[in-house]
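Take the sequences, apply the hints, and build the full model.
Going left to right, the sequence shown walks through residues 1 to 341 as the numbering used here numbers them.
Some clues are possibly wrong.
Estimated spans, in silico, between C-beta atoms of each pair [unchecked claim]: (1) ALA206 to LEU288: 25 to 35 Å; (2) ARG14 to ASP198: 29 to 39 Å; (3) LEU283 to ARG195: 37 to 47 Å; (4) ASP198 to PRO114: 41 to 51 Å; (5) GLN322 to GLY264: 36 to 46 Å; (6) GLY80 to ILE255: 40 to 50 Å; (7) TYR53 to ARG291: 29 to 39 Å.
Think of the hints as simulated: they come from the structure by calculation, not from any bench.
Just so it is clear, CB atoms sit at the ideal spot from N, CA and C, and this is done for glycine as well.
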Amino acid sequence: MKPVKYKCIVVTKRGPPENLQITEFDLRDPSAKEVRVKVLATCVCLPDVQNRYGLSPFASKVPFVPGYAIIGVVDAVGPGVKQAAPGVRVAAYLMVGGYAEYVYLRENLIIPVPPSLDPAEAVPLLLNYLTAYQALHRSAKVKAGDKVLIIGASGGCGTAFLDLGRLANLTMYGIASKSKHPILAEYGATPIDYRTEDYVDVIRRAEPGGLDAVFDGMGGDYIDNAFPLLRRGGVLVEYGNPLSMRGTLRVLAKILVLNLLPNGGRFKPYGAGSVLFNRKPFLEDWALLFRLLQEGKIRPVISGVFPLLEAARANALLESGQVVGNLVLVAPELLEASRTI
1 MKPVKYKCIV
11 VTKRGPPENL
21 QITEFDLRDP
31 SAKEVRVKVL
41 ATCVCLPDVQ
51 NRYGLSPFAS
61 KVPFVPGYAI
71 IGVVDAVGPG
81 VKQAAPGVRV
91 AAYLMVGGYA
101 EYVYLRENLI
111 IPVPPSLDPA
121 EAVPLLLNYL
131 TAYQALHRSA
141 KVKAGDKVLI
151 IGASGGCGTA
161 FLDLGRLANL
171 TMYGIASKSK
181 HPILAEYGAT
191 PIDYRTEDYV
201 DVIRRAEPGG
211 LDAVFDGMGG
221 DYIDNAFPLL
231 RRGGVLVEYG
241 NPLSMRGTLR
251 VLAKILVLNL
261 LPNGGRFKPY
271 GAGSVLFNRK
281 PFLEDWALLF
291 RLLQEGKIRP
301 VISGVFPLLE
311 AARANALLES
321 GQVVGNLVLV
331 APELLEASRT
341 I
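Here it is, written out as structure tokens:
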């Protein structure tokens, strides 16, 4: 009998989106303690792009299937599986592997998902909203009325900060290009155009007492320039990819230097990779985010929904720098039902 095949998007070599190629694999039965999941939705995110170019301290070896996180439905279970059954809606935080029609997961990696949620709308919660929520509430421990600066406020993570920051009643300033200022204003943030304005001067005039927190996903000079904007006891949370091992060492050096300065500010790096060591806070925060989405208290910005196998086109759009919010890949049968904002 001819084996059943399924398709994945594979990075065949480092470089541009055209190096994403559709490849077929044999669909096998799940092994012991393993679950086979049909992918319904996966995000196209900046870490996918950086990994493809090798811009990561721990870049995946080529060839590999990108895709940081997925929402899907259990298709089959292997012997001994107790936490899932066929037909159950689940999510997974993979780091790689999500650009595929099917994924195989160890049972203990399954994340429960309310079946009522739209997969395309919910999948940004797994990385972008998780990063923003944990940076806000676990790293910076913000409270209502705090004054914060969001560096890179218009992308997937940036709009998650805006959405969750509004929910937390923060006074927000956001850095983004002029064309993307309407989305910042929609969330009540004061937009700053990095091309025509000196954000340091803008903040010093607007908040002479200093900021309670800065959230930076860009790195580089932003860390040095934004850190002095903190009030005494304020915190700068750096959540961007340092891009290389040398970049990682530079961030570690900045932690040592900046946290010793007399202004009393704190520099904290954030990395979602800590899920590998302690899943409990992640599971708690994913459950909370799913509940907030169910209750209509948050709503991810989705700029485009693409068929799963058109990942190269979606990646090219993300790299263009024109995207506001998130891009999502979905199974073909969900494309018509998915909402494009």
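Checked hints:
1. ALA206 to LEU288: 25 to 35 Å: Given range 25 to 35 Å: holds, Cβ gap about 31 Å.
2. ARG14 to ASP198: 29 to 39 Å: 36 Å, holds
3. LEU283 to ARG195: 37 to 47 Å: Given a distance of about 41 Å, which is inside 37 to 47 Å, the answer is holds.
4. ASP198 to PRO114: 41 to 51 Å: 45 Å, holds
5. GLN322 to GLY264: 36 to 46 Å: 40 Å, holds
6. GLY80 to ILE255: 40 to 50 Å: The hint (40 to 50 Å, Cβ to Cβ) holds, given that GLY80 and ILE255 are roughly 43 Å apart.
7. TYR53 to ARG291: 29 to 39 Å: For TYR53 and ARG291 the Cβ distance comes to about 36 Å; the hint holds.
In this structure, none of the earlier numbered hints is contradicted; all agree with it.
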